[in-house]
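Student: Protein chains in written order, with this note's numbering: chain F, 313 to 464; chain A, 1471 to 1710.
You may find that some hints are simply not true.
[As the list claims (entries may be wrong)] Derived pair list, reagent style DSBU-like, types lysine-lysine, alpha-carbon separation capped at 30 Å:
{"hint": "1", "chain 1": "A", "residue 1": "K1623", "chain 2": "A", "residue 2": "K1529"}
{"hint": "2", "chain 1": "A", "residue 1": "K1704", "chain 2": "F", "residue 2": "K442"}
{"hint": "3", "chain 1": "F", "residue 1": "K412", "chain 2": "A", "residue 2": "K1529"}
[Unchecked claim] Here are a few chain F residues that sit away from chain A, every Cβ distance over 10 Å (derived from the structure):
{"hint": "4", "residue": "D335"}
{"hint": "5", "residue": "K442"}
{"hint": "6", "residue": "E458"}
Because the hints were derived from the structure by calculation, they are not lab data.
Just so you know, even glycine gets a beta-carbon here, dropped at the ideal spot from N, CA and C.
The lines below spell out each chain.
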Amino acid sequence: MRLRTEIDENGEEEIVIRARVCDESLMRLQAAVARAIGGRSELRLTLGNNEYFVPSTEILFFETMEERTAAHLPEKMLYTDYRLYELEKILPDSFVRVSKSCLVNSAAVLSIARNLTGASELRFRGCGKKTYVSRKYYKDLIERIEEMRLKK
Amino acid sequence: MKKETSIFWGVTFICAALLLIVNAFGIGMGFLDVNGLPVFRIILGILCVAGLVMCFVKKKFYRIFIPIGFLFIIFEEELAVWIGQPGKDLYSFWLIALCVLLLTVGIMLLFPGQRKKAFEKSVVVGTGDQGPNSHSSSMSYRTLYIDCTDFVKEEIENNMGSFEVFFQNTEAYHGGGELNIENNMGSVVVHLPDTWRVETDMETNLAQTSVPDDLQTVGTTLRVTGENNLGSVKIIRDGK
Chain F
313 MRLRTEIDEN
323 GEEEIVIRAR
333 VCDESLMRLQ
343 AAVARAIGGR
353 SELRLTLGNN
363 EYFVPSTEIL
373 FFETMEERTA
383 AHLPEKMLYT
393 DYRLYELEKI
403 LPDSFVRVSK
413 SCLVNSAAVL
423 SIARNLTGAS
433 ELRFRGCGKK
443 TYVSRKYYKD
453 LIERIEEMRL
463 KK
Chain A
1471 MKKETSIFWG
1481 VTFICAALLL
1491 IVNAFGIGMG
1501 FLDVNGLPVF
1511 RIILGILCVA
1521 GLVMCFVKKK
1531 FYRIFIPIGF
1541 LFIIFEEELA
1551 VWIGQPGKDL
1561 YSFWLIALCV
1571 LLLTVGIMLL
1581 FPGQRKKAFE
1591 KSVVVGTGDQ
1601 GPNSHSSSMS
1611 YRTLYIDCTD
1621 FVKEEIENNM
1631 GSFEVFFQNT
1641 EAYHGGGELN
1651 IENNMGSVVV
1661 HLPDTWRVET
1671 DMETNLAQTS
1681 VPDDLQTVGT
1691 TLRVTGENNL
1701 GSVKIIRDGK
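Looking at chain A on its own, in the form it has when it is part of the complex (with noise of 0.2 Å):
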């Protein structure tokens, strides 16, 4: 997780557990909990808030429906009075959570270029100076090929499905490259060159990481960087 994003989760976090020990004492906190909402919901609210801000500060604009989805949830009564028909339940809690996933699912396979457009970056190899190249794939089968002759940095997505990395021309590596990964319930495996080593700074959420048993101390470097959620990133030696 960027530094960024764990400062600004972290702060959240800490208000709304603050704001949750202070309404159990009994403390009045004005308007949100005197004639007003419950403090619980509104801090569900204002994290889901949040994670909308973030998907459009990210680009990631097929992720917007599921903020969007218990934002819904959450405020359902409060929309009921405001359309006119208080005390009603508008939607049932499946039917709305269907939505989310059928609007999420229809915007990532109508849309994949948007998320490769999100990055803004292009995918020619040979241009380090223009900053990191970045790919993206889909519930699908996907073969990327490096050309170390110009490799600094190059960025992954992998959603659900299946993404694997070689690298090419490694005799004109020598060190300082940076292989970002991003897996969300994908496989992504990493073929190194037997005379690399690597050095991995990954998040991993209910995943699996694994790299070489070997231990090798000598060699030019790879650094892996990145998150994997609920998948599976390998980094195994090249013919294994």
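Just chain F, same shape as in the assembly (with noise of 0.2 Å):
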């Protein structure tokens, strides 16, 4: 793989990958590279026909679905072809698993309703978009949400 940059003064920054397949160690790089820019990556979803690439700041949770993973954004449903488990392994840290099904992005999480028998509530900020974290994520979930309230 070769590694190559442009200084362009009048050009917009961006950092493209290209590869011949997506595989393990491209995921990982990717990982990197979006944490090295501080999460401002953005993600290709689908809808229909239609192709949209959407900031990682701007995706409130990931959903699983029989064969596909939903992305939701505050008005919006997209689709992505990646798994909840690559997602996590290429989207900033501050994306934490809640539950088998679901990947919530912590920094936009408005409120937790705490549930100690049971999922607690998640709401989202500027939408009335909900889901629920299980009782075994809800942990990691606080712990994230504090990480990412000290590095502002």
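Please dock the two separately framed chains into a single complex, following the hints provided.
Tutor: Laid out in structure tokens, this is it:
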């Protein structure tokens, strides 16, 4: 793999990774770059025949359906071909697993209604969407939210 | 209640009533009341067998223990004779009821997927041509986001839990969609977009079903059907 840097004072700053296949090493590279640029990576999402390039910061959470993974934005629901475990590797650290079928952007969480006996309800900023965090993943979510708060 | 089920139960109840009336007039029923079983117990037995058959037909196998338990109670005397212990109470009513409850709940918890398989549908959205999608939840919290891009019919089943339904990509919806809800002792909340109107055709049994009170008469229509048993189904405007 070659590494090439082009300096263009008038151009838009972007990082493009060209690869023949999307494998484990590529996903690790994507994750490392995403962390380095502070989580401003964009993800290619689809809806029907349309493609959208959405910054990861605008995504509230990912949810698995039987054959696809849905990406929830405040006003839309789009789809990605990645599985949750693949998204965990390429997305910034702000994304944390809250159940077997859901990956949440902890930076977008507005509130958590704690339920000691079952799943706790998560609400997101700027919209009425909600999802649930299971007891097993609750502690990890809280720790990640605290880390994100301290980094700001 | 679906039409076939209504017809089946309607005929069953009418036959049962006729048998009771005939028996009350003292008209001989052949083997039923001469050296045979009392008519009332025969009728109850038939109803339990009918319920058991319906459980298999609807593939709700976790419910089979209820009619089996009632059959055991109704024909306990005959069973005792059959196993060589005449005149003896095999088990108390409460023990049988407890066993039925534990078995039913146990099967529901161990095999939640069995109810999903009973519908034999996938939950993939965007494939409306393949028929309705089904989603179920038991004794838990669940939210469902329905993609309106290819929304034709979605089925949800909620047993003793909390289920919320939201509609996404609503600009792609032009009407004609149906949301079928089967709610048993739980709470279902449907968040209806502000520009939609709703038509309901739900059977409500000792339950509460509420719809928005704004009486909107224009806009794309959502049809809500199904059953609400001993629970609450609320259809509210999004954001409220």
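Student: With reference to the structure, classify each hint as holding or not holding.
Tutor: Verification of the hints:
Straight-line distance between C-alpha atoms of K1623/A and K1529/A comes to about 20 Å, which keeps the hinted pair within the 30 Å bound. Our distance criterion of 30 Å between C-alpha atoms is met by K1704/A and K442/F, whose separation comes to about 17 Å. A C-alpha spacing of about 27 Å is found between K412/F and K1529/A, which places the hinted pair at or below 30 Å, so the restraint holds. Its beta-carbon lying about 26 Å from the closest one in chain A, D335/F satisfies the requirement of being farther than 10 Å from that chain.
At roughly 6 Å, the least C-beta separation between K442/F and chain A is not larger than 10 Å, which violates its mark as non-interface. Residue placement check: E458/F keeps its beta carbon more than 10 Å from all beta carbons of chain A (closest about 24 Å).
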